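Sequences are here, hints too, so could you generate the full structure?
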Amino acid sequence: MDRIELGLMKIRLHYGGVMERKDNDFQYRGGLVNKDIAIDPDYMTWCMFEGFCEDNGSNGKVKHVWYKLPQESMESVKVILELSSDASINQ
237 MDRIELGLMK
247 IRLHYGGVME
257 RKDNDFQYRG
267 GLVNKDIAID
277 PDYMTWCMFE
287 GFCEDNGSNG
297 KVKHVWYKLP
307 QESMESVKVI
317 LELSSDASIN
327 Q
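Each residue of the sequence shown is one higher than the one before, starting from 237 at the first, in my numbering.
It should be emphasised that the hints constitute simulated quantities derived from the structure, not laboratory data. There's no promise every hint is true.
Below are the BS3-like pairs computed for lysine-lysine, each with C-alpha atoms no more than 25 Å apart in a straight line [claimed, not checked]:
| id | residue 1 | residue 2 |
| --- | --- | --- |
| 1 | K246 | K271 |
| 2 | K314 | K258 |
| 3 | K314 | K297 |
| 4 | K314 | K271 |
| 5 | K271 | K304 |
| 6 | K246 | K314 |
| 7 | K304 | K246 |
| 8 | K246 | K297 |
| 9 | K314 | K304 |
| 10 | K299 | K258 |
| 11 | K299 | K314 |
| 12 | K299 | K271 |
| 13 | K297 | K271 |
| 14 | K246 | K299 |
| 15 | K304 | K258 |
None of the values given here were measured: they were computed from a predicted structure.
This is how it looks when you write it as structure tokens:
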């Protein structure tokens, strides 16, 4: 069975850097990248992102999660601000 049959999605996670806006476009500067992480979107939580950063030596609290689909340009990036509960990330 492959990840699609299991209902998983592949994400590329950038962390430890800064998202900047320049000329109506967003750019991610610095930090590290972990590619091809398979996750079940139904179980994605804010704690998952914080745990990933802690496990990979990135200090500090997760304040924003920026995301877009692979076919979208960086100018269409969306943001989730720090949440008060894990359940609200899936809304």
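### Task
For the pair we were handed, K246 and K299, check the Cα-Cα distance against 25 Å.
Satisfied, since the Cα-Cα distance of roughly 22 Å is no more than 25 Å.
### Message
Tell me if the straight-line CA distance from K299 to K271 falls inside 25 Å.
### Response
holds, 21 Å
### Message
Please verify whether K246 and K314 have alpha carbons no more than 25 Å apart.
### Response
holds, 18 Å
### Query
Do the alpha carbons of K297 and K271 lie within 25 Å of each other, as the hint requires?
holds, 21 Å
### Query
Are K246 and K297 close enough, with their CA atoms no more than 25 Å apart?
holds, 23 Å
### Query
Is the Cα-Cα distance between K299 and K314 25 Å or less?
Holds. K299 to K314 sits at ~14 Å (cutoff 25 Å).
#### Entry: Pairwise hint evaluation, K271 against K246, where the allowed Cα distance is 25 Å at most
holds, 8 Å
### Message
For a C-alpha distance cap of 25 Å, please report whether K314 and K258 respect it.
### Response
holds, 15 Å
### Message
Can you confirm whether the C-alpha distance between K299 and K258 stays at or below 25 Å?
### Response
Given that 25 Å is the threshold and the Cα spacing comes to 20 Å, the pair holds.
### Query
Within 25 Å, alpha carbon to alpha carbon, are K271 and K304?
holds, 15 Å
### Message
Just to be careful, I want the Cα atoms of K304 and K246 compared with a cutoff of 25 Å; is the pair within it?
### Response
holds, 12 Å
### Task
Measure nothing beyond the straight line between the CA atoms of K314 and K271; if it is 25 Å or shorter, mark the hint as holding.
Given pair K314, K271 holds - Cα atoms ~19 Å apart, limit 25 Å.
Checked against the numbered hints above, the structure breaks none of them.
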